[in-house]
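Undergrad: First to last, the sequence lines map onto chains D and R. Mapping to this note's numbering: the first sequence position 215 is 215, numbers consecutive. Here this note's numbering runs 1000 ahead of the position in the second sequence, where the first position is 1.
Keep in mind the hints are simulated off the structure, nothing from the lab. Be aware that a few hints might be false.
[Said to hold, decoys possible] Once the Cα atoms are required to be at most 30 Å apart in a straight line, the calculated BS3-like pairs of lysine-lysine come out as:
#1 K130(D) - K1192(R)
#2 K1269(R) - K186(D)
#3 K162(D) - K1076(R)
#4 K162(D) - K1269(R)
#5 K23(D) - K162(D)
#6 K23(D) - K276(D)
#7 K1269(R) - K140(D)
#8 K186(D) - K130(D)
#9 K204(D) - K186(D)
#10 K186(D) - K140(D)
#11 K140(D) - K23(D)
Below, each chain spelled out in residue letters.
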Amino acid sequence: MNTRWQSHRSVSDVAETMALHPKFLDIQGVEQSFKTAKGWFPALRNINLSVARGEFVTLIGHSGCGKSTLLNLIAGLALPTQGTLLCANREISGPGPERAVVFQNHSLLPWLTCFENVYLGVERVFGAAKKSIGAPAETKTQLRERTDAALALVGLTAAAHKRPGEISGGMKQRVGIARALAMEPKVLLMDEPFGALDALTRAKLQDELLDIVTRTQSTVVMVTHDVDEAVLLSDRIVMLTNGPAATIGDIVQVHLDRPRSRVSLAENPQYLGYRKAVIDFLYTRQSHVEKVA
Amino acid sequence: MSESAASTASGPAASPPTPAFDWRGMWLHVLPPILGLGLLVAIWALVSITSGSSIPGPLETGNQALTLFSDPFYRKGPNDQGVGWNVLMSLQRVALGFGLAALVGIPTGFLIGRSTFLSRMFNPLISLLRPVSPLAWLPIGLLVFKGANPAAIWTIFICSIWPMIINTAVGVQRVPQDYLNVARVLNLSEWKIVTKILFPAVLPYMLTGVRLAVGTAWLVIVAAEMLTGGVGIGFWVWDEWNNLNVKNIIIAIFVIGMVGLVLEMALIKLATAFTFEEVKS
């Protein structure tokens, strides 16, 4: 069994890394417009946000407000019309495995087994020599070990050789998470990863994600529309105003001790306070979709 | 296990349950096709009787078929060979013409699917040439290749290439953006993108193209061989017409139908084996 992800981080550890790299991911004055038949449509304006290393940030807002657009910008799948995005002090100019994405609809390749889906990314990242850090190319055995470890991390060792069509929705999403984590990304980007799952499966995967993130000390940016999910998982909740031309309306710092437990938090006044703050923002301050000026 | 469960449930006197033979299911699945075939034979017999035996009836044709199929691979000179040889020659022409069409058509389809420029460049050409009956190309083939056999293969090539190009191009254009995003995030090499994403995603479309192409080719070869002569099932039909051997013509119709059916079923089997749940939707 691989021990890559077995180290538990203590709360003070994380606080230290976060303080050392407060601007691990840095978004400066980003604006995004799309060209449509009726002219330019402004999706995002004036987005300034920095994410510390090891921090878990969720983006929340009504549908169509541009949360996914912002995530795509961080992923590099789209480039901003204005402003810059930096990851570890380097400009984001395109997609890459150091910013792995867990897609909403899992996006596993249906003709590959779970193992092969994960292996595809592992092979790309670790199968070639990395000149920048002087790491040699890893052997096939090492690559396979990494893949097995990632599948074990999400509890799918038994289903490794099944095709995506043969497993449940929750399991597919777990493979998606394994594929992303196996590449050891600097930032893990998740686009409503549990949105398509039923409530019980979603809760189970949220708990697993909490545990995995604790173990891997990942930096995570996650898009969600689920208030409880945001409060349960995040260090910070970034709330976007309604589109068009959405921007960051408010940010909630979540000071809840980790490890967090869904059950004990349910009656925690602090938790309920955060929850209320987010709900107030979403349903009182941003309840109506602004009309295009 | 089920036996012990059954005995505890209904006492020691009960015998182990044997599933009753599903007569009803068999009835519904076997009877209609038999009735259909029976109807065909009945109409055939009726036509044969009313035409004053200028069209042979099912019984004599059946007897003739038995003697014919007892020795399908005989050779008595270039114009008198067994039905087996004729079918094999036709299949060989279809395979050659179709194979060449696949070699040219699949890469062309990929290029057209990937590039808007090429797609706009070739679409008018395809739209113009596709409706033309492939037999119209036969004289050109005879002129260029100076031989009946290559001209027939050329005709098959022309009729097979359009479905191959069009279906491959459509498949490439319909590769889900999600898969391409995965490729971009994983930063896959062009080779990996083609082998791990594009090709498997396009394969079901390509196989549809193959099925349509082979189906058309089998239709066209009979007509082409009637014109070109040589050994082949189409020529055989024409030859038997010249001999006024109507029984053999009817047998040929059945043989052509059977071979077409087998080709179609084999290709459908192949296509389902390579179609994945997510691609279908």
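Undergrad: Now look at each hint and say whether the structure bears it out.
TA: The hints, checked one at a time:
1. K130(D) - K1192(R): Satisfied, since the Cα-Cα distance of roughly 19 Å is no more than 30 Å.
2. K1269(R) - K186(D): 45 Å, violated
3. K162(D) - K1076(R): 57 Å, violated
4. K162(D) - K1269(R): 22 Å, holds
5. K23(D) - K162(D): Violated, at roughly 40 Å.
6. K23(D) - K276(D): 28 Å, holds
7. K1269(R) - K140(D): Given pair K1269(R), K140(D) is violated - Cα atoms ~35 Å apart, limit 30 Å.
8. K186(D) - K130(D): 16 Å, holds
9. K204(D) - K186(D): Roughly 25 Å between the alpha carbons, so the hint for K204(D) and K186(D) holds.
10. K186(D) - K140(D): Roughly 23 Å between the alpha carbons, so the hint for K186(D) and K140(D) holds.
11. K140(D) - K23(D): 36 Å, violated
The structure does not agree with the numbered hints 2, 3, 5, 7, 11 stated previously, though it agrees with the rest.
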